[in-house]
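*Asks:* Respectively, the protein sequence lines represent chains A and B.
Take 1 as the starting number for the first sequence in our numbering and just add one per residue.
Take 1 as the starting number for the second sequence in our numbering and just add one per residue.
Source of the hints: derived by calculation from the structure; they are not laboratory data.
It is possible that part of the hints are untrue.
Straight-line Cα separation of at most 25 Å, BS3-like style, residue types lysine-lysine; simulated pairs [as the list claims (entries may be wrong)]: (1) A:K81 x B:K68; (2) B:K378 x A:K81; (3) B:K378 x B:K183; (4) A:K166 x B:K68; (5) A:K81 x B:K397.
Here is how the chains run, residue by residue.
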Amino acid sequence: MVGQLADYISALATQLVKNKVETYVVTYHDSVTGAVEEANGVKVARVANPVRTHIGVLTWDLTLNQEIERAAANIYYGANKQINLINVYDWHFIPAAVTLKNALNIPFVYSVESLESHRSPNSNTPHNMSIKSIEWLGFYEAEKVSVKSEWMHDEIVRIYSVPEEKIQIVSPSSDTWIKDAVRLYKTVAGGLKSK
Amino acid sequence: MKNKLSVMMFTWEFPPRVIGGISPHVFFLSKSLAKTGVKVHVITCDFPGAPAHEVIDGVDVYRVDSYKNPAPDFATWVYLMNLNMQKEAAVIVNKLENKIDVFHAHDWLVATAGIGLKHIFRKPLLVTMHSTEIGRRDGLHTDAEKMIHETEAWLTYEAWRVICCSDYMVSHVRWAFGLPEDKLVMIPNGVNLSVYYGIENDLAPFRSKYALPEEKIVLYVGRLVYEKGIHVLINAVPKVLEKINAKFIIVGSGYMKEQLQNIVRSMNLEHKVLFMGFVDEETLLKLQKCADVSVVPSLFEPFGIVALEAMAAKSPIVVSDTGGLSEIVDHDVTGFKTYPNNPESLAWGISKILLDENYKNYIRENAYRKIQEKYDWKKIAQQTKAIYKAVLGEFSKSFWA
Numbered sequence: 001m002v003g004q005l006a007d008y009i010s011a012l013a014t015q016l017v018k019n020k021v022e023t024y025v026v027t028y029h030d031s032v033t034g035a036v037e038e039a040n041g042v043k044v045a046r047v048a049n050p051v052r053t054h055i056g057v058l059t060w061d062l063t064l065n066q067e068i069e070r071a072a073a074n075i076y077y078g079a080n081k082q083i084n085l086i087n088v089y090d091w092h093f094i095p096a097a098v099t100l101k102n103a104l105n106i107p108f109v110y111s112v113e114s115l116e117s118h119r120s121p122n123s124n125t126p127h128n129m130s131i132k133s134i135e136w137l138g139f140y141e142a143e144k145v146s147v148k149s150e151w152m153h154d155e156i157v158r159i160y161s162v163p164e165e166k167i168q169i170v171s172p173s174s175d176t177w178i179k180d181a182v183r184l185y186k187t188v189a190g191g192l193k194s195k
Numbered sequence: 001m002k003n004k005l006s007v008m009m010f011t012w013e014f015p016p017r018v019i020g021g022i023s024p025h026v027f028f029l030s031k032s033l034a035k036t037g038v039k040v041h042v043i044t045c046d047f048p049g050a051p052a053h054e055v056i057d058g059v060d061v062y063r064v065d066s067y068k069n070p071a072p073d074f075a076t077w078v079y080l081m082n083l084n085m086q087k088e089a090a091v092i093v094n095k096l097e098n099k100i101d102v103f104h105a106h107d108w109l110v111a112t113a114g115i116g117l118k119h120i121f122r123k124p125l126l127v128t129m130h131s132t133e134i135g136r137r138d139g140l141h142t143d144a145e146k147m148i149h150e151t152e153a154w155l156t157y158e159a160w161r162v163i164c165c166s167d168y169m170v171s172h173v174r175w176a177f178g179l180p181e182d183k184l185v186m187i188p189n190g191v192n193l194s195v196y197y198g199i200e201n202d203l204a205p206f207r208s209k210y211a212l213p214e215e216k217i218v219l220y221v222g223r224l225v226y227e228k229g230i231h232v233l234i235n236a237v238p239k240v241l242e243k244i245n246a247k248f249i250i251v252g253s254g255y256m257k258e259q260l261q262n263i264v265r266s267m268n269l270e271h272k273v274l275f276m277g278f279v280d281e282e283t284l285l286k287l288q289k290c291a292d293v294s295v296v297p298s299l300f301e302p303f304g305i306v307a308l309e310a311m312a313a314k315s316p317i318v319v320s321d322t323g324g325l326s327e328i329v330d331h332d333v334t335g336f337k338t339y340p341n342n343p344e345s346l347a348w349g350i351s352k353i354l355l356d357e358n359y360k361n362y363i364r365e366n367a368y369r370k371i372q373e374k375y376d377w378k379k380i381a382q383q384t385k386a387i388y389k390a391v392l393g394e395f396s397k398s399f400w401a
């Protein structure tokens with residue numbers, strides 16, 4: 001666990017399973033790797049980075065994405081290619097989501113927890129710009145973008161000019177949280193093949 | 001095979017983008033594979049003026065926007081470039097309805113694109129290791145070097161087969177990454193004989209621009225850097241001139257250029273040593289045809305393509321007995337081997353060839369025959385195709401098939 005995202009995904013995945021959505025989580029762990037089905041019915045695949053030495057978070061992230069792709073591909077083929085949708089959280093695994101979409105025709109939802117512009121205000125070093133360019137790629141390639149608040153909705157419109165009709169607010173504090181999430185998924189699932 | 005064998009190659013350089021040896025290698029390999037009936041798709045980096053997609057002699061070449069994402073340093077740029085390369089390749093494979101049989105990556109510069117696509121499309125991955133970080137740097141001294149080394153190790157781990165261009169590189173790569181012996185294959189680098197066809201005609205006016213009729217031409221082609229041993233050749237110049245009248249033509253550039261020019265000036269031999277810098281392709285081919293002897297005095301050499309080019313141009317060669325050069329040359333048969341880092345030995349080899357016309361002709365004829373037998377792109381393409389087929393045979397028994 002690094003931030004509050006881990007708890008959120010855990011709660012969301014548990015609720016999705018209860019609502020009869022087959023849910024797989026692909027994530028990172030440095031030592032406990034492999035695929036398991038947890039007590040709540042969520043199937044989790046954890047991968048580590050085969051490259052141990054790095055010069056920055058970007059090289060670490062971009063190499064780790066290949067392992068994320070490997071784990072995701074294993075799930076895809078294991079499920080007889082019946083994966084309708086990918087939901088990616090923040091910039092880290094956008095490269096994998098983008099390749100999986102273009103390779104296997106699986107649309108993805110990009111859920112925004114935070115943006116580089118907020119995490120590193122007024123930073124325009126190549127490092128920050130690089131992360132911003134990955135966020136941009138995510139907004140461009142995503143079928144839908146989900147945010148948790150009106151404020152974040154306005155921010156991604158302001159900073160990235162994301163079309164408003166692409167953005168959906170799914171607030172965890174709302175009574176209709178899971179319903180909203182499932183409804184969003186349903187508008188996107190299988191969307192690429194019909195195009 | 002039900003359909004035409006189809007391969008997708010990844011390379012960070014492809015003509016007109018030429019940085020090192022991978023670019024011409026993939027250029028000739030892909031074209032020669034196409035002639036043997038293999039469908040080749042090359043995915044590479046963009047270059048100003050070069051089209052995003054073109055077909056060259058049956059090879060589909062796709063150039064990817066490689067500067068889409070700003071990068072803080074070279075290694076990070078490489079991984080970001082791979083992000084875009086992988087995405088574009090995914091689109092292409094998808095459009096081709098997955099009709100790609102194998103992925104083939106060239107060096108760590110395209111490692112992550114190849115590794116990810118292997119798993120997503122469940123196709124075998126092959127890699128050609130042209131060089132290694134641990135070899136280039138003579139050890140691993142920084143985190144960046146270690147990271148590149150570990151990426152190379154990962155790539156060779158993920159690959160079904162690892163191709164190297166010389167026996168020297170096979171043993172080096174095996175040692176560097178602890179690979180099992182049966183994973184490695186040696187397929188030599190090739191040389192294109194046809195580029196020298198028809199150049200013979202009318203070389204006298206060209207030659208007269210560089211040397212007097214009574215001067216023999218000694219040619220060096222390579223970067224002017226320490227590991228290429230160019231300083232050994234410069235130190236051999238006076239020893240050769242004691243015996244024979246010659247002009248030394250140095251093609252290439254590098255950080256040692258000024259230092260070397262100063263040495264030549266201090267020896268009062270500026271009229272005998274000509275520093276040409278970079279030259280265009282046609283001038284280079286003509287110089288290789290004109291040369292009475294070509295010298296490759298390297299101290300470290302994974303392969304030694306310059307020696308092969310000279311052999312293809314029918315220029316007799318004098319090389320230092322090291323690395324890939326030791327394999328290319330049979331001493332006294334296809335060339336003359338000298339002790340590395342030894343100007344006396346080098347001067348002796350050069351003089352031997354320049355003074356003995358019969359010996360010179362014997363060497364160059366043998367060398368040309370060897371080139372045709374072993375380093376012809378057609379043969380190399382056939383060997384590569386055979387490896388693809390062998391891998392696909394093994395693959396057909398795997399649970400991915």
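*Asks:* Could you run down the list of hints and mark each one as holding or not?
*Replies:* Checked hints:
| no. | hint | result |
| --- | --- | --- |
| 1 | A:K81 x B:K68 | violated (31 Å) |
| 2 | B:K378 x A:K81 | violated (40 Å) |
| 3 | B:K378 x B:K183 | holds (23 Å) |
| 4 | A:K166 x B:K68 | holds (23 Å) |
| 5 | A:K81 x B:K397 | holds (21 Å) |
When each numbered hint is compared with the structure, violations occur for hints 1 and 2.
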